[in-house]
Every structure is written in structure tokens, then in C-alpha cells.
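As you go down the protein sequences, you meet chains A and B in turn. Using the working numbering, you'd call the opening residue of the first sequence number 1 and step up by one each time. Using the working numbering, you'd call the opening residue of the second sequence number 1 and step up by one each time.
Treat the hints as calculated values from the structure; they're not laboratory data. Please note that the accuracy of each hint is not assured.
[Stated by the list, open to error] The list that follows gives simulated cross-link-like pairs (lysine-lysine, BS3-like), each with its CA atoms no further than 25 Å apart:
#1 A:Lys118 / A:Lys55
#2 A:Lys364 / A:Lys288
#3 B:Lys19 / B:Lys284
#4 B:Lys284 / A:Lys14
#5 A:Lys364 / A:Lys118
#6 B:Lys19 / A:Lys55
Note that this is a predicted model, so its numbers are computed, not measured.
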Amino acid sequence: MLSNFSRELRFLAKDRGALFWLLLAFVLSVISVTFGVAEVRDQQQTIAELINEDKADRANALEGQEDWGGAAYYAFHLTYAPPSDFAFAAMGQRDSSPWKHRVRMLALEGQIQESDTKNADFGLVGRFDFAFLAASVAPLLLILLLYDLRAAERTARRHDLLVSTAGSSGKLWFPRALVRVATLSSLLLIPLWTASAMEGTSLGNIGQASLILIGALLVWWLIVELVSRIDASPSVLLTALIGLWLALAIVIPALSKFAIEARHPLPNGGEILLLQRETVNDAWDMPKEATMDAFLEGHPEWRDYATIEQLFEWKWYYAFQQLGDVKAASLVDQYRSARLARDDAAQLVAFLSPTSFVERSFEKLAGTDAASMIAYEDAVREFHAQLRAFHYPMLFKGDPFDRELLEGLPAFAPPS
Amino acid sequence: MSMIFRIAKEEWRLWLRSKVIVAATLIVAILLAATSILTVDRVASEQSQRLAQQVTAEETFFAQPDRHPHRMVHYGHYAFRPPPPLAAFEPGVDAVTGQSIFLEGHRQNTPMFADTKAAADLGGFAALTPANLYQLLLPLLLIILGHALLLRERESGTLAVILAQGRSGLSLAAGKAVALLAVIVLFMLPLTALAIYAIAQGETVLAAASLVGGYFLYLSIWGAIVLAASIILKQRAVSLGALIFIWLFAALIVPRFAINASSAAIDAPGKIESDLVMLAEQRKLGDGHNAADPAFLRLQKEVLEQYDVEKVEDLPINWRGVVASYSEAELTDLLNSYAENRMEQEASQSDIFNLFGLVSPTIAVGSVSRTLAGTDLATHHRFLRESEALRFDFVQSLNAVHANELSYADDLNRSSDPEAERRTRVNSEAWRVLDEFRFAPDSASDRVDRSAFPFAMLFIWLVLATAITFFAARRVRV
């Protein structure tokens, strides 16, 4: 058996076409992880700078304040989702969903929907990351490496002779194909492992990612193997395989995406903002008791402090800000659960398409999938709730302003 | 000449007899029809929806009750970007950028609710549009059809016969080229139909015809590459493999590589980053809500001198309104300088990206396509600029109302009692200062001008590919 493999390795070393595809795979893998690592470093640096600037800016904003309401109004707080130790391999949703916000005590819905995304052309075309390489390009390279193993011998009229010499067809083709699949996987994985070592990726993630890639290549190998048993010319086989690739990588995902999105419609995002906005604005013209009564339904603990005597009081102002969020909450919830439902459906459909499956699995490992981005948004909501919980006692009890107490402002902790 | 057509006809006869080719063509045709219908439908409904939202936003603004004008500054307004007619073929950056923007005093917001953020994530190519099919799938179909155009004659031995009959390799290649060109023309029909639909929707003939022309050039480039490979390479499988490699490279790898490269070459900071830098400068401008801010002392002196009075109380206009107007103008200058800077950086990133059109015709045609359709980054930037102009306009008009129609004394004491508060409410007729906003992309000639560079790259590609085919065909030997 071993001699079979060493013989096939020697054959491979002389097959210039195969060497070209293998070298290409290696170069592309190096490029993809290099870009990925650079992007992750850039995002980390951005976050580090933002944390400092945000702190300085808040100190600056709080300096001239003389009451609790003003301090809450002018102080912004940075929230962010740092890239994970595996994000370099799959940027996923980080290019289309925001991963940083600055929020303050006002109604949250108007703030959390802001998206500080990059150049729109980037989101349109997509990045060349390892997940894309592994999911879409690697299968094509594998097809090009394997499609004519049999057919080439057939064309050269050596096929029957070779099979009878080897004893069985399996003994001949299996080692030949295995050597190619194994070489391709290792050339793809070596750069990934190197980058993982640099980024301190957990062994569990590396192991899973490697298994996913190898598994996907094995599936494609099986497909190639089945197709190439057809007694047809190499070019017909290649055409059929490319057609299969197209169906699995483009047609099925696109049709499924269309069906999923039609099945799980989203509430119009604009409606959320409009509703929140109108609620907040109407409050100015409504009797103050109406606002405070509605507010007390959710916060009965402030009943004794909720009388508004002046024409303008901060606690009334923040109460109607919160009511804006409360009013929009059911739409927001629909929006969130529709996104999750779409993601769940996509997870199921991905079993039909190896390319979607690989890309989604990598994003999941990297924490750049839709669920992770929603988890970040949840963390921002949680933080905003903490801000309210911090400020309400001061606003309602009317304690004298004390800048020292602002030291205790909640700090955002990114989701892990 | 008749010989050329005879060769072409023979080629078509062979294609029609091949099950693989007929099946592949049918699948592509069905996909093309299905995505076209779906995209036309989606874009048409988005178009009417956003127009309706724009009208509703205006009506709601006008319908606001009497109140203090500054409250209307914070109440704000919305601008919507309806898709242009050709978006039915090329939706462009719309799905990534979001299409509505909230406009309010003292702030520049970002557009919201991009489709991609909430889309079902199924990997790289799941967003199928007619433009994507033309860019990715049709070249592949041409490869499958044409990789053996001349090779087949070589393999079956007919090449020797034809050459021996005194026909040149050139006329043989010309015949094959005509056959392939006929396929390309056939596949231009769906695009032409979409272009006619867009014209019926109000698009100009110039833009629509240029778009059809751009894709015709693109597919012709692929036709020439395919023909050249079938002449130069000696084995069917090698020709197919090499062409698939070229496709893989041009259609999949280079565009994404170019994105990474251009984002690495120019670091365009995000909005939060540049906002934080800007805030430090903004503080120096003073807070427009606070007329006593020392930042406005010089303005106060000037205005007092202009009206020849001693105190702000004696001014015939409302000092607080003057401050609001002055500080909004100053702030907008600052905001715009940062916004312009960000947009310029994005535009130069995209310029670098477009330069990769020299390596991949897919990039060049994508850029032609988005520009002509009016769904490119530059059009998005124009939307941002125009909606900002709308914002500044209504905010300043309201500030003028604030300065001219409210007395300073009332304004100053508005929080003292409900009666004083009522005196600071302005009749809601004043909200009519808001302009109607209907976003339309650049004029067709501007878009055509802007697409000149990627068009030039497509021409270079076509000339090169044709030249290679020509010289290879001249040297055809058995």
C-alpha cells in the first residue's frame, strides 16, 4: 500500500498541470489568511483607539455639566464587538452588520440601527477570505485535479491495461486520488494553521475548521468519483462537474435565499424608527401625566417621585424617550425574530449546498454569523438598560449633582 | 463570405445535436428569465413603496401642530432613495447601503436598514441578479460551448481537409467566431428586453443602449478568449481546464482580491472614528442651544452693531434664533468637511478597485453596469449630498422662522409657565418651508461619461483578445 502512495507521489511530482493547481491553492490560501489577519489587526487597532478617544470625549463632555439630566444627555458610550481569534478566516457579517456603536441615554432604537459600515462596493463584491476559498474555490480546484484521472487514461487507451495490471480498479485510482486530495487539503490548511498560531486561535476551532474543510473536500471527491465513472470524454465530464458546482454553489443557495426571505418577511425597518420618533415627539405636546402614567406601568418603583411640576424636567424627558422604545418594542422584536428565523432556515438549507455549509460553519466558528451579530446587538440593549438603571435613581430622587458618582457609570463589556 | 456562414451554420448544427450544450443553454436561459422577472418585480415594488414613504414623510411633517420651531428641527424628516429603472437589471450597492436616511438638526445620520444586514446568509453568490448572471454565468456557458471550436476539427481530422481545400485558418476561425457571436447576440435579448422595459419606465435610450453595448463588449471579449484557446491549445480537456482557470481567476478571485487590496491600500476610517475626531473641533464651535455660550460673543457684537442696539433684548429679531442659525451653519460646514473627506476616500478606494479591470474584464463590466444603471457608489454619495442639502435647507428655514417670528423675551421665558410656553408656538403653516425631495440619478450623459474609463478597459480587452485570436488563426497548421 505504502509503495502505491510513494509511486503516486512521484507521478504527481511530474504532472505539471496538477502541480499548477496545487501551487495555486497554496498561494491563494496564503493570500486569504494574510488579508484576513491584516483586517483583524486593523479592526482591533480601531477598537483600541476608539476606546481611548471615547473615554476622553466622555470626560470632556461631562466636565461642564451641572445636573444629572445634562450629564446623561451629553455622555456617549462606545459599544463594540471585537473580532474573535478566528475572525481572520471568515469576516462574514462583519462587513454588512455594524460591530460598533456609540449610544447614550436617549431612545435606543434611533441609535442602534445606525450602521457605521465601510465602502459599499466592499459589501457588494465580498472579501477574499479563507471561508470563501475553502467553500467555493477549493472544490473547483479539486474538480480540476481529479476529473480526468480515469478519462485521461481512457483517451490515451491505457485504461484497461492499467486496470488489469493493478488487479483492481480501486487499487489504482484510490491512491492516486487520495494523494491529490490529501496534498490539496494540506496546502490549503498549512497557511490557515500558521495564521491560527499567530492569532492564538483555540485548538478546538482549528480542529473543527480543518475537519470541515477536509469533510467538504471528501464530499466533492465523492461527487467527482461518481461522475467520472460515466464513460464520457474528459471535457464532457468536466462540463458536467462544473455544472454541478454551479448548481450547488450558486443556484441552490440563490433560490433558497429567495424562498427563505419570501417566507420570513421583515417588518419595514423605517416603520420602527418612525413609530419611535413619533412617540417621542408627540410626548412634548401631551399632558405630562399621560407620559408619566405610561412610564410608571413599566417602572412602578418611581411612583412616589413621578410628579412633574416644571414645564421641563429631565426625568419626564427620559421617561418619554423610553416610551418611544417601548412603543416600538413589538416591531423591533418581530424584526429580530424574523432575522433569526431566516438564519435558522438558512442553516437547514445549507445542508443542500456544501459551499453554503462550509461558509456558514466557518462564520459560526469565527463568531461572524448572523446570530453573533444579533448577540452583539442584544449586548448593546443590555448595556443601554444598565445606563437607564444607573441614571434613574439620580434623576427621580433628585439628589444633588455629584460628579464623583459619575465614576460609577456602567462600562460596556463586549459579548464573549 | 458564404464559406464563413457555412462553417458557422455547421457549428450551430453540432451544438443543437449535443445534449450537454442544449441542456446548459436551457438552464442558463431559464435562470435568466426567472431572475429577471423576480428582480423587475422586486425593484418595481421598492420603487413605489419608497416613493409612497417619501410622500407620507412630507405629509406627516406638514401635518405637525403649532409648536416651537426648534422642536421641528429635532422632529426631523426622512429622505428615501428609490431604485432607478435600470436597477431591475443591476441593483448595485442599494442592498448594501440601505435606502432611507433620517434627517435632523445638528446631526448627519447614516442610511439605515440595509437589506444585506437582515438577509438569509448562504454564502458568497446567493444574491442572484440578472447582472450577476451576465457577469458570471454567461462567460462559463461560452466556455462550455466554445472551448473545442477549432480543436474539434483538429481532433476529427477535418482541419487537414479544410486547409487542403485552400481555406485559410483565418476564414475557418471567422466562421467559428460568427457562430459564437450569434449565441452572444441571442443572449443579449433578455438584457435588451430589460433595457426596453427601463426605457418605458423613464430611463433614457442613451443609458440603456450603452448598458446593452457594455455587456455585448464583455461577452465578445469572452468569445474571443474562448476562440483563441480553442485555436492555440491542442487538447480539448486542456483548453477547457485553461479557460475555466481564466474564468475562476477573472470572475471569482480577482474581484475579491481587488476589494481586499483597495481596502488595505487606503484606510478609510469609519464614521464613529472620524466623528470622535470631529467632536473635539465641534466643541469649540459652541452649543447652538445655549445662546450664552462664549463661542457666540463675537457674533453677538456683530449683530448688535448691525442693528445699532446695545443689548440682545433690543434686537428686532430673536437672538436665540440667530444663534441657532449661525451655529447650524458652522456645524454643517464642519460635518460636511468630514463627510466629504470620507466620501473622497471611499471614492479613491473604488478607483483602485476599478483599476483591477485591467486584470479582469468582470470588474470593468461591473463598474460600467453599476454606473450606467445609477446604482454605483458615486450615485449613493450624491444621494447623501442631496439629502444633506435638504436637511440643511429645512433646518435653516425653521431657524429663520425662529429668529423672525418669535420674540426673544417669550422664547427666553418659555419654561416659566404654560401661557408663556404657548406664546412660543408658531402657526403650523410655517412647516411648509420643507422642500419636496425626489431623488433621481445623474443625467444619462453624466453616467455615460463616468463609465468611459471602464468602457475603455473593455475595449482594450476586446482588442487584445481579438488580436491574439487573429494571429493564432493565421498560423493554424495541422
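* Straight-line alpha-carbon gap Lys364 (chain A) to Lys288 (chain A), limit 25 Å -> violated (48 Å)
* To do: Verify the proposed pairing of Lys19 (chain B) with Lys55 (chain A), using a straight-line Cα cut of 25 Å.
  => Violated: Lys19 (chain B) and Lys55 (chain A) sit about 68 Å apart, past 25 Å.
* Satisfaction of hint between Lys118 (chain A) and Lys364 (chain A), Cα-Cα up to 25 Å -> Holds, at about 22 Å.
* Asked: Taken at face value, is the distance from the CA of Lys284 (chain B) to the CA of Lys19 (chain B) at most 25 Å?
  -> The given pair, whose Cα atoms are some 74 Å apart, is violated under the 25 Å limit.
* **Pair hint Lys118 (chain A) and Lys55 (chain A), alpha-carbon separation not exceeding 25 Å** => Between Lys118 (chain A) and Lys55 (chain A) the Cα gap is close to 24 Å, so the pair holds against 25 Å.
* Asked: Holds or violated: are the alpha carbons of Lys284 (chain B) and Lys14 (chain A) at most 25 Å from each other?
  -> With Cα atoms ~71 Å apart, Lys284 (chain B) and Lys14 (chain A) exceed 25 Å; violated.
Hints 2, 3, 4 and 6, counting from the list given before, are not met by this structure.
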